[in-house]
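Chemist: Guided by the hints, dock chain B onto chain A, whose structure is given.
One-letter residues, chain by chain:
2 protein chains.
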Amino acid sequence: MSVIDTLIGRLPTGRVITDPDVLDSYARDRTFLEPGKPLGAVLATSREDVVTTLKWATENRVPVVPRGGGTGLAGAATAMDGSIVLSLAKMTAIRELSPADEIAVVEPGVITADLDKAAREHGLMYAPDPSSYEISTIGGNLATNAGGLRCVKYGVTRDSALGLEVVLADGRVLNTGRRTMKGVTGYDLTGLFVGSEGTLGVITAATVRLRQAPKAPPATFAAEFGSLRDAGAAVSAIMAAGCQPSLMELLDRATLQAIDAMRNIGLEDATMAMLIGQSDASDSAAVVARMQELCEEHGASFVAVSSSPAETEELIGVRRMAYQAKERLGACLVEDVCVPRSLLPDMIEAIERAAAKHGVKICTVAHAGDGNLHPVFVFDHGVPEPPPEIWAAADEVFTQALALGGTLTGEHGVGLLKKRWLGLETGELGTEIHHGIKAVFDPLGILNPGKAI
Amino acid sequence: MSVIDTLIGRLPTGRVITDPDVLDSYARDRTFLEPGKPLGAVLATSREDVVTTLKWATENRVPVVPRGGGTGLAGAATAMDGSIVLSLAKMTAIRELSPADEIAVVEPGVITADLDKAAREHGLMYAPDPSSYEISTIGGNLATNAGGLRCVKYGVTRDSALGLEVVLADGRVLNTGRRTMKGVTGYDLTGLFVGSEGTLGVITAATVRLRQAPKAPPATFAAEFGSLRDAGAAVSAIMAAGCQPSLMELLDRATLQAIDAMRNIGLEDATMAMLIGQSDASDSAAVVARMQELCEEHGASFVAVSSSPAETEELIGVRRMAYQAKERLGACLVEDVCVPRSLLPDMIEAIERAAAKHGVKICTVAHAGDGNLHPVFVFDHGVPEPPPEIWAAADEVFTQALALGGTLTGEHGVGLLKKRWLGLETGELGTEIHHGIKAVFDPLGILNPGKAI
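Chains as they are written, first to last, in my numbering: chain A, 1 to 453; chain B, 1001 to 1453.
If we strip away everything but chain A, and leave its shape as in the complex, we get (with noise of 0.2 Å):
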């Protein structure tokens, strides 16, 4: 009997795959990297499969590797050789839906847009939006700390964990955290598990805060800009101003070229920049006009205002087109850096030299509000993985990042695709620690080994 089949006798039928073609598709993520061959994944439905698995893979010392949606861009879901998946994305029910409390306990397997859905029901709203939302799971956006496009205003995943239920990697059930708004009891092991990347615990259950959905339709702009730094200008007063945006998100002519040959935007020659921002307030139209006052005040050639849902949902359209348009330019490395928010256009202006230097295409898309940059690397379909000029690019990306006080990954996480560089961030004492850490939760390290830290 070898090793898996000692697992599939532990499970209810039908819980483990192990034909290689289905099981190739879950050890991978959306990022290039190819995985491992792993011994199979387990499609947990319940608490107790996961906690059945884990139990088993530490008497197997089998190392796991957990999963939601797979829509990960940092490869922190890419299975290793002899690895056993974990798939959480049956998971899937919201246990409870608190209206009065404004929380939800919710499985890992829940999509995102479904909580958000379902908290809309009752006027309220799940704040985090990665851009993956629609297919992105709640657990995979913990494991991440996903950011999105609202959490310049409303903030990232971890500022709505309020508490987690999780299973050890010996197979104990840990709960964290809280239903409460504040509380201050122990260590915050809630926020140390979010952005961890399932090295400390596989998560099956989440107590998640929902706010108030705003009341009115939300109103929106599209401005062009001839330069980056007015664009970037533009940004710094939009904040200064106390505006608030609920969005607001720069991109570089590069990614507007893109757009432009997949769908006709009517790209003028001058254009070098696009911000697209908006306001949820109660007096989202006025705070928008104010907007574009100070878009024409710091140099927008051309400014467009939406006076309906239909054309805000035109304007966004071309946010959302950005990264399929890309795609279609060849294979992309999406990067992630994030730096202080005035030095938005220093970051974009180092991404446009480390292209030119290299000789490689970056297009860049930016959380503008947040300083958080998306240069995305596109390269020769017919690669396995990016040449070496791409690397080299990346590399001053990542370091002129760091130089300007920033940060390598501001919402995908480390994974396997930031390893490399994630010293010069954390630094030796840094380091030793997190691997203390580490090892306090999952001593004989079989979560995820050699993700995130």
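These aren't lab readings, by the way, just hints derived from the structure by calculation.
Warning: the hint list may mix true and false statements.
Claimed, not checked - Here are the in silico distance ranges between beta carbons for each label pair:
# : chain 1 : residue 1 : chain 2 : residue 2 : range
1 : A       : Gly36     : B       : Lys1090   : 50 to 58 Å
2 : B       : Gly1009   : A       : Ala356    : 54 to 62 Å
3 : B       : Arg1095   : A       : Asp283    : 21 to 29 Å
Cβ atoms here follow ideal geometry from the backbone N, Cα and C, with glycine treated the same way.
Modeler: Relative to the frame of chain A, chain B by itself:
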């Protein structure tokens, strides 16, 4: 040469206090707890002083009790026999304040209100405002993850902490977090240190988030209710209406009586509760008018609305008098339970039941928008610590808070005061994990032993 003399020899002249009379005031916080006799108190003026002290403490196995302003309400800074008190109160530099990036880098001894004031000069604010914020320090606020009145809208101290410089028990310096609004590189060590009550390391600098200060003066209301349930229902209605109050405080009749006895506020016989709320939105007058309506719909007998900053000060002044008014009644054991917001009236009733059953005086103030209650147990000034009936009533309050899905402490911390109940909330596995984490940072148990966990 005694052990303390070796420390005095290593530090610049004048850094160490050993005079027993002066020392005593450095050994206690604002609780009634009697401290032990520390060897001395270091008044650090630089990171180097902290490093020197901790290296010495590690070499000599001397416990270290870090402290800020000494305004804590949980005994987290209560010194024990043979320890060294490490005061950070003289590290008061605001090293940097960047309006463009909306961040400040501050030393731990900065008085919280002073940082807020410095930020206001640039149209910004430092949001967290514990009631003690004119005398407490940023370092102490970080160590306890302090809340405050504004946190119903702007979050607690942890929500404003972006990065920390921390000296570990062995004197090594760890930098955590970042200068950026978002970032997911590594585990959330910043969040872990915040609220850890000096048990994991000594914070010597913090990068904190500032926010745009409201442009217009706030508007305020105070509403009187004939029942606590009605007041609680009004709070729920106000939150559900999306009013986003910047302050939402509830005072029970016992508290109002104490205030009325100190300064006549014309308390009516039928008034069982008062709700004080504020909006700092751009349309604050309209929002407060809406809140007034909702109070009236939920049975308020009288609602006063401010029409000027002076009147706002007067209404808020009633809330500010609460603690002082109670101290006139006797010695105070201040508690800090937090429950899901909809259960606020249940919790208040449980407190009233406990008071009646044990024949003790309890006055309650609540940060009602957060479900965070401060039942203040009043006892004779003459006795050294609360008599048994106070502890029995407190025990019942804690047990009930946990039964309602709440927590022992919303914002004050565990310190020494709540240690006896801690296990009820943290559980056996949680306790094991906490001690495991503690050992990663402080394997010899030098830092504030016996507190927090």
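Chemist: With respect to the beta-carbon atoms only, verify the hint that Gly1009 (chain B) and Ala356 (chain A) lie 54 to 62 Å apart.
Modeler: With Cβ atoms ~59 Å apart, the hint holds.
Chemist: Cβ-Cβ distance between Arg1095 (chain B) and Asp283 (chain A): within 21 to 29 Å?
Modeler: Distance hint for Arg1095 (chain B), Asp283 (chain A) is violated at roughly 38 Å.
Chemist: Does the Cβ distance between Gly36 (chain A) and Lys1090 (chain B) fall inside 50 to 58 Å?
Modeler: Cβ of Gly36 (chain A) to Cβ of Lys1090 (chain B): about 56 Å, so the range 50 to 58 Å holds.
Violation of the numbered hints given earlier is confined to hint 3; every other hint is satisfied by the structure.
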